[in-house]
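Top to bottom, those sequences are chains A and B. For the first sequence, my numbering begins at 1 and goes up steadily by one. For the second sequence, my numbering begins at 1 and goes up steadily by one.
Keep in mind that a hint or two might mislead.
[To be verified] So the derived label-pair ranges between C-beta atoms look like this:
{"id": "1", "chain 1": "A", "residue 1": "Tyr73", "chain 2": "B", "residue 2": "Lys84", "range": "17 to 27 Å"}
{"id": "2", "chain 1": "A", "residue 1": "Met83", "chain 2": "B", "residue 2": "Asp64", "range": "36 to 46 Å"}
{"id": "3", "chain 1": "B", "residue 1": "Ile2", "chain 2": "A", "residue 2": "Met83", "range": "43 to 53 Å"}
{"id": "4", "chain 1": "B", "residue 1": "Ala36", "chain 2": "A", "residue 2": "Gly103", "range": "47 to 57 Å"}
{"id": "5", "chain 1": "A", "residue 1": "Val9", "chain 2": "B", "residue 2": "Leu16", "range": "52 to 62 Å"}
For the record, the hints were derived by calculation from the structure and aren't laboratory data. Since this is a predicted model, take the numbers as computed values, not measurements. Positions of the beta carbon are idealized from the N, C-alpha and C atoms, including for glycine.
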Amino acid sequence: MRDFVLKRVAALLLPFIQMYGLYVIFHGHVSPGGSFAGGIVVGLAFIAFATIYGLERGRAKVPEKATTLVESYGTLWYGLMGMIGIFKGAPFLANKLAGIDLGELGALSSGGLISLIGLGVGIRVASTMVALFFTMMEDES
Amino acid sequence: MIILLITLLATHVVLLAVAELPPYGMSGNPSYNQVAQRYIENAREDTGVLNVITAIVLDYRAYDTMFETIVLFTAVLAVIITLKTTEGEGGGT
């Protein structure tokens, strides 16, 4: 994987791929796509970087500690968002019932908790892909 | 021999159940009930979200998605436990 053309093309494209993944995550509630799809695009950008530039440089971008922290706190984040409902006297994971302002239909800030939960899920899915890839590849080498 | 018999019996039961299934894609099937209709009609005012799929996944079925993320977490955990080796501290090959 020391191809010059491949490296140049990756250097040009990967930022846009990553931006697109983040766009899909952030707009999961107003346009097609969603947190799972966007998270996988973001994760695959990191995986492509690691396969083209080598595992060490990929690891330097995403340290093991980062994936571990995102992995754990992303799961916790979902639960915390659910607890908001309980603190407001509504069922767990309630959104409209908890009296949260749903905002204007179609706006980026609409949907109350949905966009926040989606953000957490998206980042979590990305870190899951990255963590699985690096763990398996490093075991092989 | 006994295993073969058990397998055949289980296959027979499953096939009997499959034979009882309603025909595929018929409009009168029990799976086409009022739930889908309700989601499509009420998703906007219930959740304030334009994307009905997101509304279902992250609001109506939020519990399902929560455990889905826990499944992902468990998958990563299992892979790390199986493959990761630490030097010096017990275990590890």
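Now for the hints, and whether the structure bears them out:
Between tyrosine 73 of chain A and lysine 84 of chain B the beta carbon distance is about 20 Å. The supplied range of 17 to 27 Å therefore holds. Distance hint check for methionine 83 of chain A and aspartate 64 of chain B: the Cβ-Cβ separation is about 18 Å, which falls outside the suggested range of 36 to 46 Å. One distance hint, 43 to 53 Å for the beta-carbon pair isoleucine 2 of chain B and methionine 83 of chain A, holds here, with the actual separation near 52 Å. The hinted window of 47 to 57 Å between alanine 36 of chain B and glycine 103 of chain A is violated, with their beta carbons roughly 25 Å apart.
Our hint of 52 to 62 Å for valine 9 of chain A and leucine 16 of chain B holds, since their Cβ atoms are close to 56 Å apart.
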